[in-house]
Amino acid sequence: MIANYLSLSVILFCLGLLGVISRRNVFTVFMSIELMLNAANLMFVAVARLYESMDGHVLALMVMAVAAAEAALALAVVILLHKHKGNLDTNVFSLLRG
Amino acid sequence: MEHNVNFLAAIPMLPLVGALILGVLHLLYCKGIRFSEKIYGILACIGPALATVMAVKVYFNLRLFPEETRFMVQEAFTWIQVGEMNISMGFLADPLSSLMLLFVTFIGTLIHVYSVGYMAADENFPKFFSYLNLFLGSMLILVLGNGPVVMFVGWEGVGLCSYLLISYYSTDTENVLAGNKAFIVNRIGDLGFVLGMAFLFWGIGSGGFDYLSLRENAHQLTPAVGLAVCLLLFVGATGKSAQIPLYVWLPDAMAGPTPVSALIHAATMVTAGVYMVARFSFLYVEVPLAGTIVAWTGILTALLAAIFGCFQRDIKKILAYSTVSQLGYMFAGVGVAAYSAGIFHVFTHAFFKALLFLGAGSVIHALHHEQDIWKMGGLKEKMPITYATMLVGALALAGCPLLSGFFSKDEILFMALASGHWGVWLIGLLVAVMTAYYTFRMFFVVFHGTPRDQHAYDAAHESPKVMTVPLIILAVGAAFAGYLNIPSIFGGHLQVSHWLAPSLAEHHPHVSVWVEIIAVLSSIAAFAGGIYIAWKKFGTVSAEEPIYTGLKNFAYHKFFVDELYHYLLVVPYQFFGRTIWKAIEPFVTDGPVKFAVWLYGALAEAFKVVQVGYVRVYAIYMVIGLSVLSVVISRSLNL
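So the protein sequences, as listed, match chains A and L.
The numbering used here applies: residue 1 is where the first sequence begins, and numbers increase by one.
The numbering used here applies: residue 99 is where the second sequence begins, and numbers increase by one.
Careful: at least some of the hints might be erroneous.
Examples of chain A residues lying across from chain L (beta carbon under 8 Å, computed) [unchecked claim]:
hint	residue
1	L6
2	L18
3	V20
4	I21
5	N25
6	T28
7	M31
8	N91
9	F93
10	R97
11	G98
Keep in mind the hints are simulated off the structure, nothing from the lab.
Since the model is a prediction, treat every value here as computed from it, not as a measurement.
Glycine included, each C-beta is placed from N, C-alpha and C at the ideal position.
So that you can see chain A by itself, here it is in the shape it has in the complex (with noise of 0.2 Å):
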């Protein structure tokens, strides 16, 4: 059972980095970031279950306070940089470019 919900662990965080890595759009990318978080989540609800212990169920909760601030603080980010720009494609903030 467990190598089920570990297997869905693992491809719903390739299918998030997957995301991170290719799309452009920085909602996208947002949207990708959280399928990783959730797929660390499962990983971490099934292993607790696996082993018959609390620290994983806590730990779970905590990454789920830890990604509404977090959403909380990336919406506000991504309305400044809308302002800015115009427009949300990623590859306009390349100021770091060597």
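Mind docking chain L on chain A? Use the hints.
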């Protein structure tokens, strides 16, 4: 048995705190927040005055103790602790330091009071007194320190303050150069002091590095190390106390305000070298050769400076060379192991030299900063108090019988004779003649005869009370300080020498009373001879400014020693510096530095390509990095 007390540190702290307060007030002064000069003056004098009171208290406390335990110590805090070296910021009051303390604080206070009058309407009034307080505080640390290291703190402090005060009128390049010269020449001496301390520590430092422990362990020093220590410390003393070959800074130090000259010459700074040699008397008695070298250096300096003094025309330079000359006497004294005589001459000299400088300052003040004696003359009626007090000072300096300088100088010459140093004694006598001559040459030219510059004469006036009262007090001191140490031939008991005895390693030679009589009579004859020549040449007639030719011109230009030093030391050194600057620095030392700069630039260019600026690419970097990291970790964990 040790007497631990807690008030010794307060003595140097009082002027130091004064210096701090006045320094802050000076900053406010520069910002435009100004108080009257009276307030600054009172603040400046209060620290030294309280220190004087404390010094008297220390003296009376010490009197209560029996002779063998007549000292007090205070260890403020542990300062340096490295391996077996444990040096505390400690203070020691014993008969030697208490005597120094008494006259340093007393004369320092008088000079502070006098300065309030002399420096009136100066544009940096609080700054001057801040420096002056710092100077006195440093000197008190020097005197009270319980070991060579603490002494060195004060030693450097007075060096710094002399620099600050000599170049006080810093708008004039010449004054700044004089300050630089004093500082640099002193640094050369300081190197000797530091090396001497290092040798001393290497020799007997493990048993404790304060005077009391060093004194107990002094006999463990091997003769060679002992000689090295004594001579290196003496190099330090020649710098600070202006002896051959490092005396050149002191006459130039006249660039500072006159009260500063008085402070440097009388109470602080130049007496430090003599004090140091006396302080280390327990080392010098072990090495008679070092003592002989000190004595001969001293007496030759005395001779040289006296020759220069006879031909100077600047009133302050005459006094400066006389200080160098008198310091030579003191070193002759401590060199022939007559430490108490040397210190006693420091003591009396402090009174009459402070008096002479302050008197000269009074004259200069009255003549609106004229220092050339050939533009003075006939000031006797115009400035009666200055005249009378300067007369006392001049007589004391010249060694007039029954005044202070006579007793102390005679004691040194007698001890030189009694210890078998004939040469030192004979040259000492010759210098005594010259001392009387140049002192009264100056005195007669300035105060007697007819005015040489009628305009300046008409404008001259007696100085205000704040300046004349210290003069009168010092005149009393200069006249009677000698009675503290009357030799047995005059029915005295050498009280000062007996008081100093516990601090010094001194043996009084037993010689027949005739030696003493010869010494006294020859001293009186020397005084009379010198003053007679001066009277013949300058007293009876209103002498005109002489034109020096030949040998006299050579002496007037101070044997061209300054020029000699310039071409022998300064010019080669500058050449050396320029060679390094032009030839070695750009290629040898700068090479690696410049290569490093280039290397970083090139590396940055090379790595620039990976910085594409797209956030997705950075995410890929992260993924690659994390992947590599997880592979490495899993490998190392053998998963």
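Hint check:
Here the hint on L6(A) is broken, as its CB sits about 16 Å from the closest CB of chain L, past 8 Å. Look at L18(A): its Cβ only gets to about 10 Å from chain L, farther than 8 Å, so that hint breaks. The restraint placing V20(A) at the interface with chain L holds, with a minimum CB-CB distance near 5 Å, inside the 8 Å limit. Below 8 Å, beta-carbon pairs count as interface contacts, and I21(A) has one with chain L at about 5 Å; its hint therefore holds.
The beta carbon of N25(A) is not positioned within 8 Å of any beta carbon in chain L (closest approach about 11 Å), and the interface hint is therefore violated. Of the supplied interface hints, the one on T28(A) is violated, with its beta-carbon coming no nearer than about 11 Å to a beta-carbon of chain L, more than 8 Å. For M31(A), the interface hint is violated, the least distance from its beta-carbon to any beta-carbon of chain L being 14 Å, above 8 Å. This hint holds: N91(A) has a C-beta 6 Å from the nearest C-beta of chain L, less than the 8 Å allowed.
With 8 Å as the threshold, the beta carbon of F93(A) comes within range of chain L, its nearest partner Cβ sitting at about 7 Å, so the hint holds. Hint status for R97(A): holds, given a least beta-carbon distance of 3 Å to chain L, under 8 Å. Restraint check, G98(A) versus chain L: the minimum CB separation of about 3 Å is within 8 Å; hint holds.
Checked against the numbered hints above, the structure breaks hints 1, 2, 5, 6, 7 and satisfies the rest.
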